[in-house]
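Trainee: Just need the whole structure built from these sequences, with the hints factored in.
For the record, in the sequence shown the residue sitting at position 155 is 155 according to UniProt numbering, with numbers rising by one throughout.
No lab work stands behind these hints, which were simulated from the structure alone. Incorrect hints may appear among the rest.
Taking CB as the label site, the calculated pair distances span [unchecked claim]: (1) His129 x Pro256: 31 to 37 angstroms; (2) Ile240 x Lys86: 19 to 25 angstroms; (3) Gly87 x His51: 38 to 44 angstroms; (4) Phe113 x Asn261: 22 to 28 angstroms; (5) Ile258 x Trp84: 25 to 31 angstroms.
Simulated crosslink set (DSS-like; lysine-lysine; CA at most 25 angstroms straight-line) [to be verified]: (6) Lys166 x Lys191; (7) Lys202 x Lys94; (8) Lys188 x Lys223; (9) Lys204 x Lys163; (10) Lys242 x Lys254; (11) Lys217 x Lys166; (12) Lys202 x Lys245; (13) Lys166 x Lys86; (14) Lys204 x Lys245; (15) Lys217 x Lys188; (16) Lys163 x Lys223; (17) Lys166 x Lys204; (18) Lys66 x Lys86; (19) Lys86 x Lys217; (20) Lys217 x Lys163; (21) Lys188 x Lys163; (22) Lys242 x Lys202; (23) Lys94 x Lys217; (24) Lys66 x Lys217; (25) Lys223 x Lys202; (26) Lys245 x Lys166; (27) Lys191 x Lys242; (28) Lys188 x Lys166; (29) Lys66 x Lys242; (30) Lys94 x Lys223; (31) Lys94 x Lys188; (32) Lys94 x Lys204.
Note that beta-carbon positions come from the ideal geometry of N, C-alpha and C, so glycine has one too.
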Amino acid sequence: MTSSESSTSSSRNSTPRHRQRSNARSANNSPTTSILKRNAMSRKALVPLEHGCEDNWTWSRRHRSKEVVLSGPNDRTVHFHPNWSKGTAGVQGKRPLNNGRFYWELHVSQRIFGTSIMFGIGTNRARLHANSFRNMLGENVHGWGLSHKGVLWHDGIALLYTKRFKENQATVIGILFDGIEGTLTYYKDGKCLGVAFHGLDKIKEPLYPIVCSTAAKTEMTLKCARRDFVNLQDRCRIVIMKHIKTRQDLIQLKLPAIISNYLAEALGDYTPLRQVDNYDLLFDF
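Mentor: As structure tokens, then:
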């Protein structure tokens, strides 16, 4: 090989590597990559109770329907209607979650169908079994639940909340219960669906996690459970916000920006949900 051939060969071999490095740097600095990075950071920052501690509650073998079978480590997996279904079955958490902030995730199997699969909370007076297919959690004042049809239930009233879940497709449902501010918020596959219920801080009875289903061979597993520590600062904010109803009220106080921003987090601006009329007759459901 001549010196000129060697030089040409070296030049040809080095150019692609140089371009690869250049292209890699360009890709890392591209607007699309930057957006993806920001979105990833945003999702990470929005993880509920990320800085909380692990909680170890599980499902109750005592407070459950006869059509519920518990299994797995610490009884965290719930099997509804293991043979066939002829009604609605539910199970309650082992201990109440009042006076704190709690987040848990339910990994739901792909068997999503039927009249109602529900997730939420209730008192120990909420029914855990019915010999009919019904939206059991929220049928009265003792429960607050979300059905797989995207509808909230409490005191027998149905409110449109989110899109209907896709049938026969596994999903992860997150539930954030803030017993201090009295709210219940749902997440679906990592996306926050917004505050579903308010005023839960006024409930004097113990509140327990509850899930129920009408569908045969439904399975849910409690994969994540965390709790937060409530500090004096949070408690003071709750007292202050009882006297502040709008952002304009907050602006008029002329507080330092850092304090105003902290207080504004608790304003809870939201659009009222529309009540569902003739629920069972709606084509969309």
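Trainee: Hints first: check each against the structure and report whether it holds.
Mentor: Going through the hints against the structure:
For the hinted restraint 31 to 37 angstroms between His129 and Pro256, the CB-CB distance of approximately 54 angstroms leaves it violated. Look at Ile240 against Lys86: about 52 angstroms separates their beta carbons, and that is not inside 19 to 25 angstroms. Taking 38 to 44 angstroms as the suggested C-beta distance range, the pair Gly87 and His51 conforms, at roughly 42 angstroms. The beta-carbon spacing between Phe113 and Asn261, approximately 44 angstroms, falls outside the hinted interval of 22 to 28 angstroms.
Distance hint check: the CB atoms of Ile258 and Trp84 are about 59 angstroms apart, inconsistent with the given range 25 to 31 angstroms. At most 25 angstroms may separate the alpha-carbon atoms for a hinted pair to count; Lys166 and Lys191 meet this at roughly 15 angstroms. About 22 angstroms separates the Cα atoms of Lys202 and Lys94, which keeps this hinted pair within 25 angstroms; it holds. For the given pair, Lys188 sits about 14 angstroms from Lys223 by alpha-carbon distance, which is consistent with the 25 angstroms threshold.
A distance of roughly 32 angstroms separates the Cα atoms of Lys204 and Lys163; the hinted pair therefore is violated under the 25 angstroms criterion. Simply put, Lys242 and Lys254 have alpha-carbon atoms about 18 angstroms apart, close enough for the 25 angstroms limit, and the pair holds. In summary, the hint linking Lys217 to Lys166 is supported, as the alpha carbons are separated by about 17 angstroms, within the 25 angstroms threshold. In summary, the hint linking Lys202 to Lys245 is supported, as the alpha carbons are separated by about 18 angstroms, within the 25 angstroms threshold.
Distance hint between Lys166 and Lys86 is fulfilled; the C-alpha atoms sit about 23 angstroms from each other, no more than 25 angstroms. With a C-alpha separation of about 24 angstroms, the suggested pairing of Lys204 with Lys245 holds against the 25 angstroms cut-off. For the proposed pair Lys217 and Lys188, the alpha carbon gap of about 21 angstroms is at most 25 angstroms, so the pair holds. Taking the CA atoms of Lys163 and Lys223, the gap is about 24 angstroms. The hint holds against a cut of 25 angstroms.
About 36 angstroms separates the Cα atoms of Lys166 and Lys204, which puts this hinted pair outside 25 angstroms; it is violated. Straight-line distance between C-alpha atoms of Lys66 and Lys86 comes to about 12 angstroms, which keeps the hinted pair within the 25 angstroms bound. Restraint check: the Cα-Cα separation between Lys86 and Lys217 comes to about 12 angstroms, which is no more than 25 angstroms; the hinted pair holds. Straight-line distance between C-alpha atoms of Lys217 and Lys163 comes to about 23 angstroms, which keeps the hinted pair within the 25 angstroms bound.
Restraint check: the Cα-Cα separation between Lys188 and Lys163 comes to about 10 angstroms, which is no more than 25 angstroms; the hinted pair holds. Simply put, Lys242 and Lys202 have alpha-carbon atoms about 13 angstroms apart, close enough for the 25 angstroms limit, and the pair holds. Between Lys94 and Lys217, the direct Cα distance comes to roughly 22 angstroms. Compliance with the 25 angstroms bound is thereby established for this hinted pair. For the hint pairing Lys66 with Lys217, the CA-to-CA distance comes to about 14 angstroms; that is within 25 angstroms, so the pair holds.
Between Lys223 and Lys202, the direct Cα distance comes to roughly 29 angstroms. Violation of the 25 angstroms bound is thereby established for this hinted pair. With a C-alpha separation of about 38 angstroms, the suggested pair Lys245 and Lys166 falls outside the 25 angstroms cut-off, and the hint is violated. Annotation: proposed proximity of Lys191 to Lys242 is violated, straight-line Cα distance about 29 angstroms (limit 25 angstroms). The suggested pairing of Lys188 with Lys166 holds, with an alpha-carbon distance near 12 angstroms, which does not exceed 25 angstroms.
Distance check on the hinted pair: Lys66 and Lys242 sit about 43 angstroms apart at the alpha-carbon level, beyond 25 angstroms; violated. Pair hint Lys94 plus Lys223 holds up; C-alpha atoms about 16 angstroms apart against a cutoff of 25 angstroms. Note on Lys94 and Lys188: the hinted pairing holds, with a Cα-Cα distance of about 24 angstroms set against a maximum of 25 angstroms. The hinted pair formed by Lys94 and Lys204 meets the criterion: a straight-line CA distance of about 18 angstroms does not exceed 25 angstroms.
Of the numbered hints given earlier, the model fails hints 1, 2, 4, 5, 9, 17, 25, 26, 27 and 29; all others are met.
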